[in-house]
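K.L.:
My request is simple: use the sequences and hints to build the entire structure.
End of the sequence shown = 101 in this note's numbering, gap-free, step of one.
Quick caveat, the hints were computed from the structure, so don't treat them as lab data.
Don't be surprised by glycine CBs; every beta carbon is placed ideally from N, CA and C.
There's no promise every hint is true.
[What the hints assert, rightly or not] Taking lysine to aspartate or glutamate and the EDC-like style, the derived pairs with C-alpha atoms no more than 20 Å apart in a straight line are:
# : residue 1 : residue 2
1 : Lys41     : Glu53
2 : Lys20     : Glu70
3 : Lys28     : Glu70
4 : Lys28     : Glu45
[To be verified] Label-pair restraints from in silico Cβ distances:
# : residue 1 : residue 2 : range
5 : Ala98     : Ile78     : 27 to 33 Å
6 : Arg44     : Pro18     : 30 to 36 Å
7 : Lys28     : Leu79     : 16 to 22 Å
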Amino acid sequence: MSIISGKWKLIILFHLMPDKVLRFNELKRLIPGITQRMLTKQLRELEQSDIIERTIYPEIPPRVEYSITEYGRTLQPILQMMHQWGEAHLRRMEAAAAAHE
Numbered sequence: 001m002s003i004i005s006g007k008w009k010l011i012i013l014f015h016l017m018p019d020k021v022l023r024f025n026e027l028k029r030l031i032p033g034i035t036q037r038m039l040t041k042q043l044r045e046l047e048q049s050d051i052i053e054r055t056i057y058p059e060i061p062p063r064v065e066y067s068i069t070e071y072g073r074t075l076q077p078i079l080q081m082m083h084q085w086g087e088a089h090l091r092r093m094e095a096a097a098a099a100h101e
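P.N.:
Printed below as a string of structure tokens:
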């Protein structure tokens, strides 16, 4: 759990699955509220755990892309189930709130 725990890692993985390749600034735009420093930290931790891959292209300026690794793809069924549970939970909370009104 520590590999994917935290506020941002699941969101990062959600944007990279199933087979997306995104640059740093693309990820930053897709995740409102995350700071550049936090995104860098989370990406490094996911890379160290072999969940994502960082590809650097020898260009000027250098182009860096992030993608999910084969190992990281094994998380996809788990993340999908968590997403489905989250949606069901939201519907349940909305129904409970409507019942109390």
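K.L.:
If a hint holds in the structure, say so; if it doesn't, say that too.
P.N.:
Tested hints:
Distance check on the hinted pair: Lys41 and Glu53 sit about 14 Å apart at the alpha-carbon level, within 20 Å; holds. About 13 Å separates the Cα atoms of Lys20 and Glu70, which keeps this hinted pair within 20 Å; it holds. Annotation: proposed proximity of Lys28 to Glu70 is violated, straight-line Cα distance about 23 Å (limit 20 Å). Taking the CA atoms of Lys28 and Glu45, the gap is near 16 Å; set against the 20 Å cutoff, the hint holds.
Against the hinted window of 27 to 33 Å, the Cβ-Cβ separation of Ala98 and Ile78 comes to about 31 Å, which satisfies the hint. Take Arg44 and Pro18: their Cβ atoms lie about 22 Å apart, and the range 30 to 36 Å is violated. At about 21 Å, the beta-carbon gap between Lys28 and Leu79 stays in the expected band of 16 to 22 Å.
Checked against the numbered hints given earlier, the structure breaks hints 3, 6 and satisfies all the rest.
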